[in-house]
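Q: Let the sequences and hints guide you as you build the complete structure.
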Amino acid sequence: MPRLTRVLLLALMALGTPSLAQDNLDDALFGGGDDLFGDSIVSEAEADPGFDPAAALLETDGVVIGGSFSVSAEIDLDLDAAEGADPFSSGVAELNTRLFLDARPTSDFAVFVKGDASYTTRSGVEFELREMFADLDIANRLFLRAGKQTINWGVGLYFSPANLINIESIDPEDPDAELAGPVAIKAQWPMGTNNLTGYVVMEDVESPIEIALGSRYEFLVGDVEVTTGGVIQLDGPWALMATATGAVEGVTLFAEGVVEGNSDKVFLTAGPAGLQTETRPGAVYASGTFGARASYSNEDDTFSVAGSAQYLFNGLGYADPGLLSANRAAVAELLAAGEITFRDLRERGKHNAAASLRFADVAGSDLTPSLFWIGNVSDGSGFATATLRYGGIDHVSPSVRYRYAYGAAGSEYSPFGPDHSLTFAVSVSGNFYGLEMTVGIWDGRLRGIEGQRVLVTAGAGGIGAQIAGTLAGMGAQVAVCDVSTDAIAAARSNRLLALEADVADERAVDQMFEALVERFGGLDALVNNAGIAGPTAPIEEITPEEWRRCLEVGLTGQFLCARRAVPLLKAAGGGSIVNMSSSAGRHGYPYRSPYSSAKFGVIGLTQSLAKELGPCNIRVNAILPGIVEGPRMDGVIRDRAEQLGLSVEEMTERYVERVSLRKMVSAGDVAATVAFLLSDAGQNLSGQSLGVDGNVETL
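Going by the numbering used here, the first residue of the sequence shown is number 1, and it counts up by one from there.
No wet-lab data here; the hints were simulated from the structure.
Incorrect hints may have been included.
[Unchecked claim] Pairwise CB distance ranges, derived in the manner of DEER restraints:
1) Thr121 / Gly222: 21 to 27 Å
2) His395 / Gly282: 53 to 59 Å
3) Asp680 / Leu234: 48 to 54 Å
4) Tyr296 / Ser123: 40 to 46 Å
5) Ala146 / Phe342: 26 to 32 Å
6) His395 / Ile75: 36 to 42 Å
7) Ala103 / Pro369: 31 to 37 Å
[Said to hold, decoys possible] Straight-line alpha carbon distances no greater than 27 Å define the calculated DSSO-like cross-link-like pairs of lysine-lysine that follow:
8) Lys148 / Lys114
9) Lys570 / Lys611
10) Lys350 / Lys265
11) Lys265 / Lys148
Note that the Cβ used here is the ideal one computed from N, Cα and C, for glycine as well.
A: Okay, here's the thing in structure tokens:
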């Protein structure tokens, strides 16, 4: 009974990541004017509150196949080679490819498979399954994932003791690499800005099956994201963890804490007959880490730098790792015999640290220098590398790296003693995404969106959510901004990067772009969707404050976002900006002069930027939506029909009789147009104002 109680208590623990906020469209965007169209002619408001971002994000008609391919080779020059020895080691060449298959036939079911294949002359062809799982949405409330999957709990960059479930550890020299996870069943229950998640974990599908139970809870304390959680293996190890992430003056701070017991780590101790192995199932260990990361770019974007540092206290480490370095031969024998593993020797000291600096856009060049250091403070070992990479050739990346390792022979980071070397490397790589198959035949869908880094302002609700969901469903990395807490929670739970920003606030926009660059590393497209309705009144009754606010959000906000996005688009070699205007920006709109003026201004901004940025391979277009169908519009029609004593059908006719196609448009129509403009199909469209309105003839 005590064991069952402990399992249940741990299974009820949870971890949570709150959603950050973003600029949302005003609920009153459609206003309440008495003119025939009322305020429904503008489309960036809640055109369709019934739209489900999860469905747009998770549903596709066919099977998407994609991946990446790389060929790499390097030659090492040993700068400490013994006299008479060849300082050049044989070159290491490797072929790698990653393939994925994503089948999402409905919004409540999906299947995903991903694997890596590699070839070297030494080991031949090898294949590793990275992920294979199915997703199931139950009533848009409970989300299940079953199969082999990545499960990241930690927030650390180079060390992450809180990452309790993944079967791979972070490679500090490649901290962004995806970690392989176990076979598991995950159940996620979003609760506003919080998340409760439970796990049943199977390390392998072979017999005997070792089952672990885990759970985590994610929540927000002020501006700090906090997680708590735990995992227990029946009759095996258990652990409790907590993490926190926040920002102070542009610097992101993070920390993790872990308490664990019944550890399966094997320790080495000195005995009368030499080294011997020892397990300590009754011991309880505490580990913790903290760190920071920040980035800086000068005003003219000719220089940028990103830096990070992290410290780790490893409760499972040795107080004196010198025991291992002094007995190298014995350690090697135990490894060969399988009595210990390399995992038992990782982060073997109690005190560890790492730091890095990465420079980019130095004087506008294509050279990217970087520095990295990692050390085991307990045994005095570590290494530092300085790398210079050239990025001026598409798909080809030559680099040179100098490495200096220090510490006693047998130490963690200097197993052969102090050494320094020079490595020349080149890689040829590329991605192939967006091949969509329906019954095994390519269906000619839009290309070029997969992998794009896109920011959609006001993208957590209404038409913005439709745009974000559509682009994410086509493989783009999508960030949204909003000011609505509920909308942010929905966006975050649907795997979108959600950022808090009022686009009319210059400082908030700057902070948003800093966070976006930190996460995505750059930008390929901006969708300026944010706007508000403004007042509906005769000009003499509109206050200067109402006028200013409408133009600040609807026009100045687009300027502020474009101002920060353009340097990133230039650095990416080009891109696309889509500005949201309105039919009111073409015809004028009685009693809506602030709104109409803002939308006219958007068209002017679009045409000016198209001419200015065209030589930089940046396309700029505007979309002018019309009457957008949906529950919101249905309510407007019912209310107006009741006021005028007409039937709903008669009122609907009056609404559409000024539209040439005699029908409304949908939020999906607007999103599809955005996708077209961002795709390869729209590569020669710029400076255009596209009316997605069925041709509204007059207001």
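Q: If a hint holds in the structure, say so; if it doesn't, say that too.
A: Outcome of the hint check:
Against the hinted window of 21 to 27 Å, the Cβ-Cβ separation of threonine 121 and glycine 222 comes to about 55 Å, which falls outside the hint. Distance hint check: the CB atoms of histidine 395 and glycine 282 are about 55 Å apart, consistent with the given range 53 to 59 Å. Remark: the range hint 48 to 54 Å for aspartate 680 to leucine 234 is upheld by a beta-carbon distance near 52 Å. About 43 Å separates the C-beta atoms of tyrosine 296 and serine 123, a value consistent with the hinted range of 40 to 46 Å.
As the Cβ distance of alanine 146 to phenylalanine 342 is approximately 31 Å, the hint placing it in 26 to 32 Å holds. At roughly 21 Å, the beta carbons of histidine 395 and isoleucine 75 sit outside the given window of 36 to 42 Å. A hinted range of 31 to 37 Å is violated for the C-beta pair alanine 103 and proline 369, which are about 42 Å apart. With a C-alpha separation of about 10 Å, the suggested pairing of lysine 148 with lysine 114 holds against the 27 Å cut-off.
Restraint check for lysine 570 and lysine 611: the C-alpha separation of about 15 Å stays at or below 27 Å, so the hint holds. Simply put, lysine 350 and lysine 265 have alpha-carbon atoms about 14 Å apart, close enough for the 27 Å limit, and the pair holds. Note on lysine 265 and lysine 148: the hinted pairing holds, with a Cα-Cα distance of about 24 Å set against a maximum of 27 Å.
When each numbered hint is compared with the structure, violations occur for hints 1, 6, 7.
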